[in-house]
Amino acid sequence: MRQALVIGVVAGSGYGLIALGLVLVYKSSGIFNFAQGEFGTVAVFALWGAHSAGVPYGVAMLLGLGAALASGLVTERFVVRPLFAAPRVTLLVATAGVSLFAIGAELWLGHSQLRFVAPALGRLDRMSVFGFHVSDQRLLVIATLVALAVAGAAFFARTNLGLAVLGLSQNPLATELMGISAERLSRFTWGTAAVLGGLGGILSAPLAGGFGPGFVTLSSLIPAFTAAVLGGMNSLPGALVGGIVVGVAESVTVSSPLFSEHVPGAPSVVVFALLVAVLTFRPQGLLGPRSGLTAPAERAR
Amino acid sequence: MLEVEGCTVNFGGIRALYDVSVAVGELEIVGIIGPNGAGKTTLFDVINGFRKPDGGRVRFRGADITSLPAHQRAAAGMARAFQNVGLIRGATVRTNLLAAEHLAARYSATAGLLGLPATFADERRLSQRAETLTGILGLSGLLERDVDGLPYGVLKRVELGAVLATDPDLILLDEPTSGLGPGESDTFAAMLVELRRTFGLTILMIEHNVPFVSDVCDYVYCLNFGEVLAEGKPHEVRNHPEVVRAYLGDEVDSWLLGAEKPRDPLVVVDRVQVSYGTGHHRGAPVLRDLSFEVLDAERLVVLGLNGAGKTTTLAMLAGLLRPERGSICFAGQDITNLTAAERVALGITLVPEGRQVFPGLSVDHNLRLGAWMHRHDSRRIAESRERVLRVFPQLAPRRSQLAGTLSGGEQQMLAIGRALMASPRLLLIDEASLGLSPAITQSVFSMIDQINSQGVTVVLVEQGTAALTHADRAMILERGQIVHRGTGAETDHASLRERYLGTPA
Amino acid sequence: MNGHSTVGWIARGTAVGGIAALVLVFPLTRSGIEVNIFTEAVIYAIIGLSLNVLLGYAGQISLGHQAFVGIGAFTSAYMTSVHEQNFVAALGVTMVVGAVQALLLGVVSLRITGLYFALVTLAYGRMAENSLFNITSFTGGSTGQAAPKPAAFASDYRYYYLCLAVLAIVLFIDWRLTSTKTGRALLAIRQDPRVAASFGASLKRYTLIAFVTSGVFASVAGALLAHNTTSVVSSQFDFRLALVFVIMTVVGGLRSRAGVVVGSVFFALTDYLFDRLHLSVAINAIPVLPDLSPDLAPLVVGPLLLIFTLTRHPGGFGEMLRPFGRWLRREPSPHTEIDLRDGERVHA
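Protein chains in written order, with my numbering: chain A, 1 to 301; chain B, 302 to 806; chain C, 807 to 1154.
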């Protein structure tokens, strides 16, 4: 059981990293970005490709992040910007289409075989918690998540750009009247979210024992969304906490014989139940304010 | 027929309605008037079932319907027309009318799906009923037209058709004459009386057009700040001193005379026409052939009732709306096609209606965003902030407070302060007094005077007279055109009263 | 073109005849395996129509529609092979199961709306794929469940006509849905719920009706799908399929029956057409790109069409087909001018 907790925290940090990007996009524009997972997968493919071709790991990581950034900017330019004033549901469908395209492209260019990418940090038994060996890579994931959540909170609270992003989500009219360009903010937001997604993919892939097309989306997107919802969809630290909760819930389910023997695919059931429960009983998330959802202002239509 | 007793509605700490009681007798035409923000539409929402009151009851034909869901009230015989035309966009007139006849269909939904023979006959019957209705309203031949492309006046008539198609006993009309010209209002009044006779209707309406209400209504209620201010026969109500004060503000004895020295025009608006929407969603023009000037360093007040085009005028000056015709010049430069952001850079800032602060950000952060144009110049930002806090000292102790938790007056000050952070040359303020008590309103206007004395040109949009003592010149808008302009002294209480309420003093 | 001329009539007759020949006669000239593919296309059309009821008419976004289809497939397979019921009885049970499942989801949609509901449907789809469809006793686990064709329609050709007949019934019901008060209520609810309420339409009731209709159509399609391939396995119903369904409905054109049918058929046949028209060879000839196998074509082409549709051409195929449909029915094109005299009778 205790091992399950540790495993859960580690897996949950991976979800949390992806959830950070989801919350960033939602906080700034009210969009549920279904392509977030594929920003990660693209980064992993780039990392693997470069590393296999002999490029040093660090540089390969940067190339991976670059690939993620590029996909984010392309998505913003050709999908998000034209649909800027469209209902959020349309954008959801559009980003889902982007993720499908990415998966198709990965299958086409990369074929469906499973591949392995080496971790950034090699040592496998840095720590031992409750008998479970926590590798350097796992610690790196957790540390990155915490650092980014903190940096993100600071970004929104202190920098002009962060304030502008928040302002845009709270009151688009007033933002326009301050002379702030919604377009530039949009580019910035998507680029950053894509890099966050890429980082999540690159750090988690070595731990997964293998990756293929659609890797991040298929393994983590729905848990990451659930994590973001648990965090109220509006809070970066909330996404962190939400990720851990989802991770732990899944791993506890897997480790309990009652569930895993009688209920096939128990983790999916648990995640689904968690999602419905939060949305029904506490839609503002675990850390949200008392009264109801805090959604970014709807675009006038 | 309809009784509202002691109705109270609060949302988020704002008291929208307080202990409001209204009674409408069978076959009466009753009007509800009151200045902007008085709670009239909220009252309709309660009557209609879109909002549950926090206190009080609603009775329809003696039965308590306070908890009845909206669609069941429609079944009970209550129909509503909406402020922004309650029709299904993107559908034809025929579809709209058939949809409105929803309750008149005699078949069940399942029977409809399976295509049982009786449903075809019933659909034909509903179609014929719709055709008869269009005949009565003078809309024949429009049945296959898309609702989107129709002119505004016709649209309102189609909506009336939809309302009548639900076979109601009571109809609620929300600002039925808005957007109609004077001739059209008279025709509409005659039609209402005729419809009442033909269909046996009881009518309750919200209106801003007080002369129209006096013509047509049997009884009138005036609301202000969520309470019933006065009620009675139309001519009693419109001469009631409280009502006059609610619409116009206080009678003022002395006016600040405009500065003696001649000024150059800062803004020249030339023959501008603005409509909402684009392509075939374009509505009737809101501003027609409008021309005026704003002089340098003056205080100009733009008056007018709701729907006159005041907000549209400011939106056009600020760059949120582009005119289809005409031009705008600022300090000698043609700015007609500049975006809002570009105009901010030139020194034009707008404080929109309803404050529009960033509710989740602190006062300080709100101000900081206001200085976006100079965000890299921290010294300038600090100077601007000092200036703003000197004009609005109440904000100083609240610098870390979330803007959404400030009082109405404080939010208004913050909104103006935020606009000041951009060091504007022209400051446009839309209905600063809305929802504020007279005392706070005067205090806000005094602060605006201070700003003006530092050389900032100010254009204020207001409904009542509250700003007139702080103005050099005033302009009254009606239906998108200027019907009066002059100095603050020339625009007196009596003439405003005649314009708004249609009564001589 | 004057609708009443002889030339007009002949042209229309030829057009209708041509389509009828393509749909009814052409398959007889192909092999049984190819006919299976055509049958699948017909079934996809039914699925597209079912999703159109939710997405197009009711405005509810469902990213887990593969679960609706899958439930139908497995129920029918289960009833025919494990319980050895006949095809019609199995179909009856399938419809009930499909209705109930859709109703449950519909009730959830009343409480959790919009984007969040989309998320819930996505999670539901994943749960169905990983969990529900892996219950060994029901679905045969990873080896799948057998689903033999009904005796009367055992040949591929006959089965094709059976599916066509079902499509015709679905189209009829869909037509009646949009032509009666249910369709109008949904239209009002989707565009402006306040207006719908003031017309007396209950949001709860009609939303649930839409869900149940969609669920029944989808589960019937699932049953037909299972028997078409004579076996069904859980891995068929994954997230990618859900997206393909949404894409084909949107690209087909929401709320356009003809568009949705054409769009769905197009997506079902993409790999077949790709192969037939030797497009894969054309792409393989481009030196830099690796070989594109036909079964990947929908995944690559689909999203591109989706983005194009959403950003440039929201009406999809349906909008493109509209002038053609008007011509067939001899309807005049809509007027563009209006003569209005203030206060007097209005003439178009």
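Since the hints were derived computationally from the structure, they do not count as laboratory data. Since the structure is predicted, the reported quantities are computational estimates derived from the model, not experimental observations. Positions of the beta carbon are idealized from the N, C-alpha and C atoms, including for glycine. Incorrect hints may have been included.
Simulated restraints on C-beta separations [as the list claims (entries may be wrong)]:
| hint | chain 1 | residue 1 | chain 2 | residue 2 | range |
| --- | --- | --- | --- | --- | --- |
| 1 | C | Val888 | A | Ala154 | 47 to 53 Å |
| 2 | A | Ser181 | C | Ser837 | 57 to 63 Å |
| 3 | C | Val902 | B | Glu304 | 45 to 51 Å |
Not the full set, but computed from the structure, chain C residues with beta-carbon under 10 Å of chain A [said to hold, decoys possible]:
| hint | residue |
| --- | --- |
| 4 | Val829 |
| 5 | Leu938 |
| 6 | Ala1048 |
So, going through the hints one by one against the coordinates:
no. : hint                             : in the structure
1   : Val888/C to Ala154/A: 47 to 53 Å : 60 Å, violated
2   : Ser181/A to Ser837/C: 57 to 63 Å : 60 Å, holds
3   : Val902/C to Glu304/B: 45 to 51 Å : 48 Å, holds
4   : Val829                           : 29 Å, violated
5   : Leu938                           : 8 Å, holds
6   : Ala1048                          : 9 Å, holds
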